[in-house]
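Asker: Chain residues, written in single-letter form:
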Amino acid sequence: MDGKELEILQLIEENARISDETLAKMVDLTIEETRDIIKELEDQKVILGYSAVIDWTKINETETVTAMIDVKVTPKRGVGFDDVAERIYRFPEVRALYLMSGAYDLSVVIEGKTMQEVARFVSEKLSTLDSVLSTTTHFQLKKYKHDGVVFSDGEEDHRIVITP
Amino acid sequence: MRRFFDLASSMDNIISLGVGEPDFITPWAVREACISSLERGYTSYTANAGMLELRVEIAKYMKKQFQLSYDPKSEIIVTVGASEALDIALRAIVDPGDEVIVVEPTFVSYAPLVTLAGGKPVSVGTTVETNFRLMPEQLEKAITPKTKAIMLSFPNNPTGSTMTEDELRGIAKIVEEHDLLVLSDEIYAEMTYDHTHASIANLSGMRERTILISGFSKAFAMTGWRLGFVTAPSDITSAMLKIHQYTMMCASTMAQHAAIEALQSGMEDVKKMVQSYKQRRNYFVKSFDEIGLPCHVPGGAFYAFPSIKNTGLTSEQFAEQLLLSERVAVVPGHVFGSGGEGHIRCSYATSLDNLKEAVTRIERFMKSLK
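From first to last, the protein sequence lines stand for chains B and F.
Each residue of the first sequence is one higher than the last, beginning at 1 in our numbering.
Each residue of the second sequence is one higher than the last, beginning at 1 in our numbering.
FYI, nobody ran anything at the bench for these hints, they're computed from the structure.
Computed from a prediction, not measured in an experiment: that's the story for all the values here.
Don't take each hint at face value.
Distance condition first, Cα-Cα at most 30 Å in a straight line; then the derived BS3-like pairs of lysine-lysine [stated by the list, open to error]:
1. B:Lys-39 - B:Lys-58
2. B:Lys-125 - B:Lys-142
3. F:Lys-271 - B:Lys-39
4. B:Lys-39 - B:Lys-72
5. F:Lys-309 - F:Lys-370
6. F:Lys-309 - F:Lys-286
7. B:Lys-4 - F:Lys-173
8. B:Lys-45 - F:Lys-173
9. F:Lys-309 - F:Lys-60
10. F:Lys-286 - B:Lys-39
11. F:Lys-63 - F:Lys-242
12. F:Lys-242 - F:Lys-286
13. B:Lys-4 - F:Lys-271
14. F:Lys-146 - F:Lys-242
15. B:Lys-58 - F:Lys-356
16. F:Lys-63 - F:Lys-271
17. F:Lys-64 - B:Lys-143
18. B:Lys-4 - F:Lys-272
19. B:Lys-72 - B:Lys-142
20. B:Lys-145 - B:Lys-45
21. B:Lys-145 - F:Lys-286
22. B:Lys-143 - F:Lys-271
23. F:Lys-272 - B:Lys-39
24. B:Lys-45 - F:Lys-60
25. B:Lys-4 - F:Lys-64
26. B:Lys-145 - F:Lys-272
27. B:Lys-142 - F:Lys-272
28. F:Lys-370 - B:Lys-39
29. B:Lys-4 - F:Lys-356
Isolated chain F (complex conformation) (with noise of 0.2 Å):
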């Protein structure tokens, strides 16, 4: 990633497809919220676990959209992104041999973190037969009497694929018959097209072995703000967050302030760019369909990941290839691990003109290469 990231910079008039955030810019009452919070002199720090009137806000707004209830004062802190919630979450429950099932191809940090946390990264590659659901037999076959836990994430990046409740009941089943644990990254939970985001945290018996961990980030449009959050049974919550006060002590105190605001006033502009990633979303698949790149349907998150299996390079000489022929870039698939390989991604994060520009220098190249 590294490398062609580099390259990639390096060029100038690029399209790229290659953006794993909002190209929307927070929406303006959020941002005044952060102006005006400067303004009355909040510069301070906050609580640990973050303001708490933050925090009840998370926690209504957990009811409102995914039917969960947490207790603001035990069960939720707000984390430096949703890559700090996951950071302390597998360094709060993995033990030094620790095995951790990640489920790929995925978020390029989650095997990382689980190395750095002294675990044992233990990848169950998905396919597009499948549509990039785990299939429960798959996740029994992975587990042995090491295993503490799963990553799962969905709606995923970077396939864009979506599991429903039912399909997500088969996988509850083995991880309480095994009591696991879950990390259930839903940052991208606001981003469903087709049907509503169902959170494993939700089945029965699963709230109290599920870390939810989320954020501001995606739906809100604020990766630069650094602003994420986990909810947890307390237990949890609070070996996370002896990790979290020794080490960001608390995010940050404007940024918790425009949290607030993007909670209690923000949903109206979230609900338009996701209308607005739904319709991109129609009309990049269908043109990848149409230009030779089998691409399955992503019910979620902002990602295209069409197979390039049938032109015969692999997924790095393809982006190599497209970006330095056509100056379009896309991430090779085989950076998020296993059954990554032979497919692209490919973000929809961008103006509708940059995706009809995109797909016709696409189509443009796969004509080359015949």
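Here chain B stands alone, though its shape is the one from the complex (with noise of 0.2 Å):
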């Protein structure tokens, strides 16, 4: 991969809509050029999307609540945890899965609506998967930081108008 792909990708994944003409003038190509990267890049699956971070808690009506779960599994023979980690990545309310090393083996982030909604997904879908020895839930109190977007209104630009 050359730098002007990986300049593209840095840009777009700090903001996805930044428009093409901005883009090619900043990594110094055409627009075509910029395009045909990107429409490569997509179908490489190296770009697997385009999403927004938003602060939902500023949205009354739409808040969810988050939870982590610790959860310890049995690996099973020749596919080893890839089995059970596809079983649960496929429920709608799995945000994010992730094989970890240390205390457990796959941490799963879950969103719903109520506190209720998570607690039933845990103990009627996760806890009774064959695999599935124990649960640990986590409930996410406070958003400060998420995918390198700090959640707080940032810092000001404190310089005075003209500097030498």
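Take the two lone chains and join them into the complex the hints point to.
Answerer: See below:
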């Protein structure tokens, strides 16, 4: 991968809404060249999607509950953890799933409308899977930083208007 | 500059392209080191030349980044910003009546500092035709028997121009022939985009006659910390240290602790900031060309210096009218000395959103002139 591709990826990871025109100027390519690179990265599944980081707590009617669940499982012969992982990540409530080293095996991030909804998912769907040995649920109380974005108003520009 | 500054400062909601400092805030690890310094009670003076630990780090940094070797014990002084370094360098080397060549357009304080040191500034103007580089024949022409030194600044504020090692070699040859000193302000050395920074001190025979000035302000986004440094042969630094110890005593202790952290762990942050400046430069310069303000491609620093000659306005008129009608602040080129008239300095050390909005407004302003 050459430098321009990396630059484009970094820039759209930071701001997926940046226009092709601006992006092209920033990386010193033509718009066509830039579009070709993006298309190729999409085709190669390097770019998997474009999303926004939203502070839902500011939108009252859409408030959600997020929980991180530590799951211990019994890996299966031949497929290891992949089989049980697939069964878990297919649930639409699961926002993220990671295989971990350490005290437990899988880290599952669940999002629900209410705490009850998450609790029901854990007790009825997750815990009842054959391979699942135990679960420990941690509810998220406040989001300070997510995906590299700080959830506050940020630091102001304190510079004076003209300096030498 | 002052009148224009007062006008710009009195207005609300302006987009400023007039700021000569990074828009990034000092990396967190560096700020944290300062907090920790205070918590541990480091509130007393340091050695006049700066904490030895910091000077050792500066020596390592100069070696690694620019292949320059300086003895931390005798050839490095930590100063209160690069500005103080410039001042004490001039006061250390200039005798009354000495001439110092100032290559313009350049940072606003050089010529006044020469005058304050009792010397006579001799202006040599560069132009966009040579990408604001100093041509050896220009230098040769400006030298008189009274010439003591030449002040260079690459990458340059306000033009953003840089000089390669080959181009500097022609300058070095003349400097050596006439037995001059060089004050080389390399505060923007990290901000070079198209080729690596070349220091004149690296050329054969030049280390012994070069006073290299740098600091933490630009690379590490530490302008308000007032922390610079100077490297030079020990006979020069010892003369500078005498002035420094009686005027400044030493740089602030917590800032020096922060600077150690900056040199030890801050280079990744520097790289990220430089990458961002480069992308903004590309965006900005292309946009200027599109809206009819021809702009040479600045190889360093974070300034674009487009020509406004085709508008028929002076740089001051252009800046003032743009400020009043579109609320965009830029700095008129003439304040940077000979060769600056007919240009405006536009800093791209501001967010991409601000740059885009500024381009839209300047374009509208350009159309209103027709």
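Asker: Indicate, hint by hint, whether the structure satisfies it.
Answerer: Hint-by-hint comparison with the structure:
1. A threshold of 30 Å between alpha carbons decides the hint, and for B:Lys-39 with B:Lys-58 the separation of about 35 Å lies outside it, so the pair is violated.
2. Under the criterion of a C-alpha separation no larger than 30 Å, the hint pairing B:Lys-125 with B:Lys-142 is consistent with the structure, at around 26 Å.
3. For a cut-off of 30 Å, the pair hint linking F:Lys-271 to B:Lys-39 stands: about 28 Å separates their Cα positions.
4. Using a Cα cut-off of 30 Å, the hinted pair B:Lys-39 and B:Lys-72 is violated, with the two alpha carbons roughly 40 Å apart.
5. Proximity of F:Lys-309 to F:Lys-370 is assessed by CA-CA distance (about 14 Å); at most 30 Å being required, the pair is judged to hold.
6. Under the criterion of a C-alpha separation no larger than 30 Å, the hint pairing F:Lys-309 with F:Lys-286 is consistent with the structure, at around 18 Å.
7. Note on B:Lys-4 and F:Lys-173: the hinted pairing is violated, with a Cα-Cα distance of about 39 Å set against a maximum of 30 Å.
8. With a C-alpha separation of about 56 Å, the suggested pair B:Lys-45 and F:Lys-173 falls outside the 30 Å cut-off, and the hint is violated.
9. Between F:Lys-309 and F:Lys-60 the alpha-carbon distance is near 45 Å, which puts this suggested pair outside the 30 Å criterion.
10. Proximity of F:Lys-286 to B:Lys-39 is assessed by CA-CA distance (about 24 Å); at most 30 Å being required, the pair is judged to hold.
11. In summary, the hint linking F:Lys-63 to F:Lys-242 is supported, as the alpha carbons are separated by about 26 Å, within the 30 Å threshold.
12. For the hint linking F:Lys-242 to F:Lys-286, the alpha-carbon distance of about 48 Å lies beyond 30 Å, and the restraint is violated.
13. Only pairs whose Cα atoms come within 30 Å are accepted, and B:Lys-4 paired with F:Lys-271 is accepted, the gap being roughly 16 Å.
14. Between F:Lys-146 and F:Lys-242 the alpha-carbon distance is near 25 Å, which keeps this suggested pair within the 30 Å criterion.
15. For the hint pairing B:Lys-58 with F:Lys-356, the CA-to-CA distance comes to about 28 Å; that is within 30 Å, so the pair holds.
16. Between F:Lys-63 and F:Lys-271, the direct Cα distance comes to roughly 18 Å. Compliance with the 30 Å bound is thereby established for this hinted pair.
17. A threshold of 30 Å between alpha carbons decides the hint, and for F:Lys-64 with B:Lys-143 the separation of about 40 Å lies outside it, so the pair is violated.
18. As the CA atoms of B:Lys-4 and F:Lys-272 are separated by approximately 15 Å, the hinted pair is consistent with the 30 Å bound.
19. With a C-alpha separation of about 26 Å, the suggested pairing of B:Lys-72 with B:Lys-142 holds against the 30 Å cut-off.
20. Between B:Lys-145 and B:Lys-45, the direct Cα distance comes to roughly 27 Å. Compliance with the 30 Å bound is thereby established for this hinted pair.
21. At roughly 35 Å between alpha-carbon atoms, B:Lys-145 and F:Lys-286 are farther apart than 30 Å, so this suggested pair is violated.
22. Taking the CA atoms of B:Lys-143 and F:Lys-271, the gap is near 29 Å; set against the 30 Å cutoff, the hint holds.
23. The suggested pairing of F:Lys-272 with B:Lys-39 holds, with an alpha-carbon distance near 26 Å, which does not exceed 30 Å.
24. Taken as a hint, the B:Lys-45 and F:Lys-60 pair is broken in the structure, with Cα atoms around 43 Å apart against an allowance of 30 Å.
25. A hinted pair counts as satisfied when its Cα atoms are at most 30 Å apart, and B:Lys-4 with F:Lys-64 qualifies at roughly 26 Å.
26. For the given pair, B:Lys-145 sits about 20 Å from F:Lys-272 by alpha-carbon distance, which is consistent with the 30 Å threshold.
27. Under the criterion of a C-alpha separation no larger than 30 Å, the hint pairing B:Lys-142 with F:Lys-272 is consistent with the structure, at around 29 Å.
28. For the hint linking F:Lys-370 to B:Lys-39, the alpha-carbon distance of about 41 Å lies beyond 30 Å, and the restraint is violated.
29. For the hint linking B:Lys-4 to F:Lys-356, the alpha-carbon distance of about 22 Å falls within 30 Å, and the restraint holds.
Comparing the model with each numbered hint stated earlier shows that hints 1, 4, 7, 8, 9, 12, 17, 21, 24, 28 do not hold.
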